[in-house]
Amino acid sequence: DAGITQSPRHKVTETGTPVTLRCHQTENHRYMYWYRQDPGHGLRLIHYSYGVKDTDKGEVSDGYSVSRSKTEDFLLTLESATSSQTSVYFCAISEPIAGLGTDTQYFGPGTRLTVL
Amino acid sequence: GQSLEQPSEVTAVEGAIVQINCTYQTSGFYGLSWYQQHDGGAPTFLSYNGLDGLEETGRFSSFLSRSDSYGYLLLQELQMKDSASYFCAVGGGGNKLTFGTGTQLKVEL
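Protein chains in written order, with the numbering used here: chain A, 1 to 116; chain P, 117 to 225.
No lab work stands behind these hints, which were simulated from the structure alone. What you are looking at is a predicted structure, and each value in this text was computed from that prediction instead of being measured. Any given hint might turn out to be false.
[What the hints assert, rightly or not] Now the in silico label distances, taken between C-beta atoms and shown as ranges:
1. A:Lys57 x P:Leu225: 44 to 54 angstroms
2. A:Pro18 x P:Gln192: 30 to 40 angstroms
3. P:Asn137 x A:Ala98: 23 to 33 angstroms
4. A:Arg22 x P:Leu225: 22 to 32 angstroms
5. P:Glu224 x A:Glu72: 20 to 30 angstroms
Built from N, CA and C at the ideal position, the CB exists for glycine as well.
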């Protein structure tokens, strides 16, 4: 358990409404990530952060924005939700693998978002 | 960019051995990882290969050949609880990972 929580865990919203998902971590990890998971596509990176106020785009960033004003919180915002953004959203942190000299990623429990 | 290919589905019987292959094309390579995901759950880290060869962790082993851009996950003594999706992922620098589309493993009695 890498101390990652996501909220809400489930959300149903309507097309055109703004939505913010929150990822919270308790272990002072520098790197945080937002992914979406859809059938047939695996996990795709939306945005990531390498420190407070330091963020960058992933491969599917259109329609999404992020903010990180504190180390522990990484927010994902859908400014105007569309049905194509119906998905499961996972937050992740990067943590060293003991004895291997590299990092891997640990995932939060996910948020299931439905846009009607 | 990065792309990975793995079979979409594999079926095996309890107690058997199964191999899940992963081929990749990358512009930079920082190791091959494997993740397991049960239905409704989050992906969990299984193994990592940074160098060529075999890494063993209990019933699971993972192999990498960088010259062939190929790796596999080997699961031995299959159990029903191993039914899950398995993802390979390559590191491409900047602490980022690119994931394959996943292999759904079904273990039957």
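Hints versus structure:
Between lysine 57 of chain A and leucine 225 of chain P the CB atoms are about 46 angstroms apart, so this pair conforms to the stated range of 44 to 54 angstroms. Distance hint for proline 18 of chain A and glutamine 192 of chain P: a CB-CB separation of about 49 angstroms, inconsistent with the stated range 30 to 40 angstroms. For asparagine 137 of chain P paired with alanine 98 of chain A, a C-beta distance near 27 angstroms keeps the hint of 23 to 33 angstroms intact. For arginine 22 of chain A and leucine 225 of chain P, the Cβ-Cβ distance of about 42 angstroms falls outside the hinted range of 22 to 32 angstroms, so the restraint is violated.
A C-beta distance of roughly 44 angstroms is found between glutamate 224 of chain P and glutamate 72 of chain A, which places it outside the suggested range of 20 to 30 angstroms.
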